[in-house]
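Sequence order for the protein chains is A and B.
Under the numbering used here, the residues of the first sequence are numbered 1 to 339, in order.
Under the numbering used here, the residues of the second sequence are numbered 1 to 337, in order.
Be aware that one or more of the hints could be misleading.
What the hints assert, rightly or not - Simulated crosslink set (DSS-like; lysine-lysine; CA at most 25 Å straight-line):
| hint | chain 1 | residue 1 | chain 2 | residue 2 |
| --- | --- | --- | --- | --- |
| 1 | B | 250 | A | 267 |
| 2 | A | 257 | B | 250 |
| 3 | B | 279 | A | 267 |
| 4 | A | 203 | B | 279 |
| 5 | A | 34 | A | 311 |
It is worth saying that the hints were derived from the structure and are not from the lab.
If you're wondering where the values come from, they're calculated on a predicted model, not measured in any experiment.
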Amino acid sequence: MTEKILEVKNMKTSFYTHVGEVQAVRGVSFHLDKGEALGIVGESGSGKSVTSMSVMRLLQYPGTIKEGEVFFKGEDLVKKSKAEMMSVRGNQIAMIFQDPMTSLNPVYTIGNQIMEAVIRHQKVSKAEARERAIDMLKLVGIPSPETRVDNYPHEFSGGMRQRAMIAIALSCQPDLLIADEPTTALDVTIQAQILELLKDLKKKVNTSIILITHDLGVVADVCSRIIVMYGGLIMEEGRAEDIFYEPLHPYTMGLLKSIPRLDLGHKQRLVPIPGSPPDLIKPPKGCPFAARCPYAMKICLEHQPGYYERKPGHKAACWLYHQDAPTWELDTGVRRVKG
Amino acid sequence: MEKIMNETTPKEILLEVRNLKKYFPIHKGIFGTKKTNVQAVDDISFYIYKGETLGLVGESGCGKSTAGRTIIRLYNPTAGEIIFDGAEISKMDENELKPFRKRMQMIFQDPYASLNSRMTVGDIIGEPIDIHNIATGEARQKMIYDLLERVGLSKDHASRYPHEFSGGQRQRIGIARSLAVEPDFIICDEPISALDVSIQAQVVNMLEDLQQEFGLTYLFIAHDLSMVKHISDRIGVMYLGKLVELSSSKALYEKPMHPYTQALLSAIPIPDPEVTHAKHRIVLEGDVPSPINPPSGCRFRTRCQYAFDRCTVEEPVFQDMGEGHMVACHLMDNGKA
Numbered sequence: 001m002t003e004k005i006l007e008v009k010n011m012k013t014s015f016y017t018h019v020g021e022v023q024a025v026r027g028v029s030f031h032l033d034k035g036e037a038l039g040i041v042g043e044s045g046s047g048k049s050v051t052s053m054s055v056m057r058l059l060q061y062p063g064t065i066k067e068g069e070v071f072f073k074g075e076d077l078v079k080k081s082k083a084e085m086m087s088v089r090g091n092q093i094a095m096i097f098q099d100p101m102t103s104l105n106p107v108y109t110i111g112n113q114i115m116e117a118v119i120r121h122q123k124v125s126k127a128e129a130r131e132r133a134i135d136m137l138k139l140v141g142i143p144s145p146e147t148r149v150d151n152y153p154h155e156f157s158g159g160m161r162q163r164a165m166i167a168i169a170l171s172c173q174p175d176l177l178i179a180d181e182p183t184t185a186l187d188v189t190i191q192a193q194i195l196e197l198l199k200d201l202k203k204k205v206n207t208s209i210i211l212i213t214h215d216l217g218v219v220a221d222v223c224s225r226i227i228v229m230y231g232g233l234i235m236e237e238g239r240a241e242d243i244f245y246e247p248l249h250p251y252t253m254g255l256l257k258s259i260p261r262l263d264l265g266h267k268q269r270l271v272p273i274p275g276s277p278p279d280l281i282k283p284p285k286g287c288p289f290a291a292r293c294p295y296a297m298k299i300c301l302e303h304q305p306g307y308y309e310r311k312p313g314h315k316a317a318c319w320l321y322h323q324d325a326p327t328w329e330l331d332t333g334v335r336r337v338k339g
Numbered sequence: 001m002e003k004i005m006n007e008t009t010p011k012e013i014l015l016e017v018r019n020l021k022k023y024f025p026i027h028k029g030i031f032g033t034k035k036t037n038v039q040a041v042d043d044i045s046f047y048i049y050k051g052e053t054l055g056l057v058g059e060s061g062c063g064k065s066t067a068g069r070t071i072i073r074l075y076n077p078t079a080g081e082i083i084f085d086g087a088e089i090s091k092m093d094e095n096e097l098k099p100f101r102k103r104m105q106m107i108f109q110d111p112y113a114s115l116n117s118r119m120t121v122g123d124i125i126g127e128p129i130d131i132h133n134i135a136t137g138e139a140r141q142k143m144i145y146d147l148l149e150r151v152g153l154s155k156d157h158a159s160r161y162p163h164e165f166s167g168g169q170r171q172r173i174g175i176a177r178s179l180a181v182e183p184d185f186i187i188c189d190e191p192i193s194a195l196d197v198s199i200q201a202q203v204v205n206m207l208e209d210l211q212q213e214f215g216l217t218y219l220f221i222a223h224d225l226s227m228v229k230h231i232s233d234r235i236g237v238m239y240l241g242k243l244v245e246l247s248s249s250k251a252l253y254e255k256p257m258h259p260y261t262q263a264l265l266s267a268i269p270i271p272d273p274e275v276t277h278a279k280h281r282i283v284l285e286g287d288v289p290s291p292i293n294p295p296s297g298c299r300f301r302t303r304c305q306y307a308f309d310r311c312t313v314e315e316p317v318f319q320d321m322g323e324g325h326m327v328a329c330h331l332m333d334n335g336k337a
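Let the hints inform the model, and build the full structure from the sequences given.
Here it is, written out as structure tokens:
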């Protein structure tokens, strides 16, 4: 029996702006097993980043968690005070962000920034913290860490800064690492280095990882389980193989059809998803994808579908899987090369 | 499939670039007296056939955008020739250049920064029409409406301002603006990088349709190799200001010759768990060196796993390995890849 390290139950997060309440996350439930890499995929505005910021309790005004529970190792993070959260963040849950240029402090050395986290959360001397900082830089593959530890962020390249961010995040050996678009700002050859590093770290230190990205290639590479988000809701959830080879939700299928495949020889015309994502100030009454869905029925526009589980762990929020729904010839967009 | 390549009709060259260089001076020292150069584009040569799409890929700082901007004369080239439809445009002054400005257009990466937020969409699209005296009055209005409809917007949008549109819609406005002067050649500088996946496909399909309809020629600059391979007939790969490889997109993917191209292709994660896990990934060590002081000889040698003595001392020649597959690598001289 695998141990659940994180369980999010019916979380709703809104931003109260001057134009109205933006319902960024509208009731999201998922869990993460120990040592697992979970991918959250979605386009901008799907609520994937807000979900992670809510879990971390890092939402800024005017964002608020309206409802829901976030159980981390059995304790509800939503109920924790600010001070209690401080001892969780950076210590037991760590986060790396998209932009390594702005998430490091330019006036402190890289070493100082790693030491800060270690000294804050663990009873160690400065000298020990420095040792730890050097070890962490070595772990994330920074060459000559003994001298690099005294460098400032501007002396590091983009890829090295992201490695330094990962070193800070891992310095207190967190149980959970949330990576929000960790490679989006990086070049592909540097992205490859960072992805290899994340996979390697998962094996070495057995950290559980939540990887948030819009890049289906990145999740296919790193994650064993995937959540697809759209319009503040989870559309589909399953193992990577389920999502890529037997997608259930028309949105997932639409995504697969709209990306070109480098590895497939013949050129196929892309099939875009028509229209654009819903406005979450006035979220649609029914399924958020209904307006863009080729299979939309009357009920889709009026009622939000529940989750239909096709096999253990693989479920989708779609009326097509209701017992009374008509059977469609679904164009899944799956282009499986082997087997 | 490959629109041009399979036809037997002789291919006409629309644009040729010969030994193009673009250096940006930087001033050092207290009085700014010491001058060095950023060698953003250093001696690249290629040509584009009429009606084809040439992709230009490379990582940030490789000079691909600078190359595009220099070709369209947003920057003045440091050296080299740009021959557009038989005319040498690299040294022309603004007056001489004006008729060519009408024939060459550009679509920019950032749909938020490339549209003037104080102008209505109608005026944004109308501006090039006015500058080149293409139409006035009702004819101008009709042109604007037609263009809006052609890019999938409606004429009601003409009186609105850019902030009322989403990123994908803004990019459509930018495309409509570039089409307003009925150009032959459009430089697309990362036109879809800022857009969501589902919207990217909409824009790419539209660019393909417009190419068919108006017989456009594209220079498509991007870092996303999957998308470049999808849209391009031929692809050039740049590294640190140099063109290292250029061939048909099929050959480039199936038979990449330059070690950098091989690494670049292997680094791209494929959205298919089985394929991506089975893939042998060449992970390049380190980072791209600075274009202020690039490595001697072959610029890729500091990260190349095959580098040998000759790569340090001698710059490889960009040469044709057959069927127009151009490569700049010393390994090719021995016939091994």
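Results of checking the hints against the structure:
Of the pairs offered as hints, the one joining residue 250(B) and residue 267(A) holds, with about 10 Å between alpha carbons and a cut-off of 25 Å not exceeded. Restraint check: the Cα-Cα separation between residue 257(A) and residue 250(B) comes to about 21 Å, which is no more than 25 Å; the hinted pair holds. Between the alpha carbons of residue 279(B) and residue 267(A) the distance comes to roughly 21 Å, so the proposed pair stays at or under 25 Å and holds. Between residue 203(A) and residue 279(B) the CA atoms are separated by roughly 19 Å; this keeps the pair inside 25 Å, and the hint holds.
A C-alpha spacing of about 22 Å is found between residue 34(A) and residue 311(A), which places the hinted pair at or below 25 Å, so the restraint holds.
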